[in-house]
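Listed in order, the protein sequences are those of chains F and B. The opening position of the first sequence corresponds to residue 2 in this note's numbering, with each subsequent residue numbered one higher. The opening position of the second sequence corresponds to residue 74 in this note's numbering, with each subsequent residue numbered one higher.
Hints were generated in silico from the structure; no laboratory data involved. Be aware that one or more of the hints could be misleading.
Restricting the straight-line Cα-Cα distance to at most 35 angstroms, the calculated cross-link-like pairs of lysine-lysine (DSBU-like) are [unchecked claim]:
#1 B:Lys161 <-> F:Lys363
#2 F:Lys4 <-> B:Lys184
#3 F:Lys287 <-> B:Lys129
Okay, the calculated beta carbon distance ranges per label pair [stated by the list, open to error]:
#4 B:Gly159 <-> F:Pro190: 48 to 56 angstroms
#5 B:Lys184 <-> F:Lys287: 44 to 52 angstroms
#6 F:Ala284 <-> B:Gly159: 46 to 54 angstroms
#7 B:Val241 <-> F:Gln184: 41 to 49 angstroms
#8 F:Lys309 <-> B:Gln162: 32 to 40 angstroms
All C-beta atoms in this analysis are idealised placements derived from N, C-alpha and C, irrespective of residue type, glycine included.
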Amino acid sequence: MLKQTEGSKAVAEAIGLCRPEVICAYPISPQTHIVEALGEMVKSGELAPCEFINVESEFAAMSVAIGASAAGARAYTATASQGLLFMAEAVYNASGLGLPIVMTVANRAIGAPINIWNDHSDSLSQRDSGWMQLFAETNQEAVDLHIQAFRLAEELSMPIMVCMDGFILTHAFERIDIPEQNQVDSYLPPFDPRQVLDPAEPVSIGAMVGPEAFMEVRYLAHAKQMQAIERIPQLAAEFKQVFGRDSGGLIRTYRIDDAETVIIAMGSVLGTIKDTVDEMREAGHKIGVLGIISYRPFPLDQVRAALKGCRRFLVLEKSLAVGMGGIVATDVRMAVSGTGLKGFTAIAGLGGRPITKASLHKLFRQAEVEALPPVTFLDLDWDVVNKQLERERQTRHSGPIAENVLHDKGIVSAKFG
Amino acid sequence: MFQIRVHGRGGQGVVTAAEMLSVAAFEEGRHAQAFPSFGSERTGAPVVAFCRISDKEIRLREPIMEPDAVIIQDPTLLHQIDVFAGLKQDGYVLLNSQHSIEELGLSELVKDRRAERFCTLHATELGLKHVGRPIPNVPLLAGFAALSGIIRLESVILAINEKFKGKVALGNIAAAEEAYQLVRQMMNHHPTSPLKEEEHA
Chain F
2 MLKQTEGSKA
12 VAEAIGLCRP
22 EVICAYPISP
32 QTHIVEALGE
42 MVKSGELAPC
52 EFINVESEFA
62 AMSVAIGASA
72 AGARAYTATA
82 SQGLLFMAEA
92 VYNASGLGLP
102 IVMTVANRAI
112 GAPINIWNDH
122 SDSLSQRDSG
132 WMQLFAETNQ
142 EAVDLHIQAF
152 RLAEELSMPI
162 MVCMDGFILT
172 HAFERIDIPE
182 QNQVDSYLPP
192 FDPRQVLDPA
202 EPVSIGAMVG
212 PEAFMEVRYL
222 AHAKQMQAIE
232 RIPQLAAEFK
242 QVFGRDSGGL
252 IRTYRIDDAE
262 TVIIAMGSVL
272 GTIKDTVDEM
282 REAGHKIGVL
292 GIISYRPFPL
302 DQVRAALKGC
312 RRFLVLEKSL
322 AVGMGGIVAT
332 DVRMAVSGTG
342 LKGFTAIAGL
352 GGRPITKASL
362 HKLFRQAEVE
372 ALPPVTFLDL
382 DWDVVNKQLE
392 RERQTRHSGP
402 IAENVLHDKG
412 IVSAKFG
Chain B
74 MFQIRVHGRG
84 GQGVVTAAEM
94 LSVAAFEEGR
104 HAQAFPSFGS
114 ERTGAPVVAF
124 CRISDKEIRL
134 REPIMEPDAV
144 IIQDPTLLHQ
154 IDVFAGLKQD
164 GYVLLNSQHS
174 IEELGLSELV
184 KDRRAERFCT
194 LHATELGLKH
204 VGRPIPNVPL
214 LAGFAALSGI
224 IRLESVILAI
234 NEKFKGKVAL
244 GNIAAAEEAY
254 QLVRQMMNHH
264 PTSPLKEEEH
274 A
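Looking at chain B on its own, in the form it has when it is part of the complex:
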């Protein structure tokens, strides 16, 4: 079972992100369970949502305390709550920021971990560019697909088409495609990137 925790703020589509992730996994024939951290939704307040993906039925109903991956939609949360709590040693981190992991002062966190699994993406700007709204959730999902390989970009696009219609869907797809390519490029340039080896092989 692969477990993902999404952190963000009310209004950033955190719960929607986890739900769409579960839809993308479902489209691949897998079992998935998405749920919010069950609070009153207030714009700007820290929000957490969860997604489990598995090849068999998911019965577990506890919150995700030891995630395989963490998606952080708002970097200001780094100063407010421990978004990395319980993150598995070989876990993935995707952070919405224009700055690098090093610039965000996270070098210490990455030190004993697999650095190629840490990535930042300017998802808010991608949302603004393609959808006209500063909502980072969809670009981050596509970026997560690129970073982890847990889900395919095509499945994220299917989830987008299920959630949105018309122009909004098209904009989100464009944002997702760009995000996916950007993360792939960053991974290509990473010194320990497995992709790099693949391409040279």
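Looking at chain F on its own, in the form it has when it is part of the complex:
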């Protein structure tokens, strides 16, 4: 049913339609509205026999999800930012044990400096945790990806993070088609676990594995993600048959056919990028877009094929590998290695810095004529940066950077509104 609703509320409804059995979460902005809504749905009895378990931390939330999943329950949780870091040890356990938990990550920056706004640092910090990571471009896609995620996770017995931009998507009201229960039921069968703790047939999940078998267990986790590369497009196609719309898949291209320059990104910024590209196309620029939905597994072959006809690409990412440059860009460069394609990286939108069409127009035009350094920082205030660098050259006791930068910007404290 078409509804004008909040992204978080819609995701909560989608989770409800997936018939979860255990939901456990610890609230953290910007994830809170999702688990609040689910808490209300469980309390009202509409999700019976689902249990909502209040926990004292994110570490406990993931631990409860692990226990529930191992006992054969369809388990869900959600988090963001420091919450994801706090549960990190258990995050690795969930994937290491091969438990098909689905978790929403309402993407948010990681402190310090403390910052509640959106970027992709949190889920990307868990890049190598063994979880699959799917990035939603819109709230509609966030809804749809969760339904696909349970199906894929349970088939492979591996956990999935569905990543949606904090605030930009979670707190946005927009038109969303909430699926019907019978549609979801026909797409997502009841959870039939590959492994389960059952007193009648005791097994141990989480045996200690020494050097003689550890590599094999690890390789099998990799093999599962390679299987996911095959399954994700198939599941998206099947989704379209049932729900009638394109959602998910590994990648999505836009006006790429004769594009000489291709902009690559993940998440909601793709919308602003597409609007910019439309305007540039009207002005005769040969530019297109490649959206990456599946960050893990990373679709190397598909990215390489999509970039085949272009001359250059620009990866615009909301993340920074400090001391190196781009995170997503590194993977894209791996995908095109040997092709001789010219690649650029733009770090943008860190800590919620708005990514505007005006800035993108300027950036994309520079990319087109290859007038960019290998790594660019979009809309960085160089005056403030240089002032601090000079301060550090001038005095040993240069003080805390965050405080100095706020002062130089003329801001008393972080701006709320």
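Given chain F's structure and the hints, the job is docking chain B onto it.
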């Protein structure tokens, strides 16, 4: 695409206003996107929320920097932040105040603009009168419907019924209806009012 920015303070229902506006537009079969300015919500602190309305899918995710309309829920903000920043030349302004645009010292702002698109409304009092709470958001939405014609009063009422139940919904509807009529009357009396011409025609 029509873009609206709502300014107010934490506790005044600023975010709710933008959300309800998007619901009203949705009820008219249009695409709409409402979002807050993404901060920690603190009572009394300046809050901004945004709403875009369009006949096609809205993909843009940047904040609204050049609004077609600005709704200001708290006139004390005039001294604190530039609520009119980027306002389009032919833009609309609806301000919650018992005073007129001239009394608020905004004559200079209106000078080169379409004065009939500027209006004040004592929305806090309407909220108190009909709902028993000094929340100006719903009367301002109805006033905005009257001022701009971008959405209909009936759609605002549908949005009210979706958001509130029972007595609170009824009170809000009464407040919305009065606000709508008040703004219509003020527009009727405006020397350059298009309504005036309409009625005389």
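These are the hints, each one checked on the structure:
1. This hinted pair checks out: B:Lys161 and F:Lys363 have alpha carbons roughly 23 angstroms apart, not beyond 35 angstroms.
2. The straight-line distance between the Cα atoms of F:Lys4 and B:Lys184 is roughly 41 angstroms, outside the 35 angstroms bound, and the hint therefore fails.
3. In summary, the hint linking F:Lys287 to B:Lys129 is supported, as the alpha carbons are separated by about 24 angstroms, within the 35 angstroms threshold.
4. B:Gly159 and F:Pro190 have their C-beta atoms about 52 angstroms apart, which keeps the hinted 48 to 56 angstroms range intact.
5. Checked against the hint of 44 to 52 angstroms, the C-beta distance between B:Lys184 and F:Lys287 comes to roughly 45 angstroms, which is consistent with it.
6. Take F:Ala284 and B:Gly159: their Cβ atoms lie about 23 angstroms apart, and the range 46 to 54 angstroms is violated.
7. Look at B:Val241 against F:Gln184: about 34 angstroms separates their beta carbons, and that is not inside 41 to 49 angstroms.
8. For the hinted restraint 32 to 40 angstroms between F:Lys309 and B:Gln162, the CB-CB distance of approximately 46 angstroms leaves it violated.
Hint check: violations occur at hints 2, 6, 7, 8; the rest are consistent with the structure.
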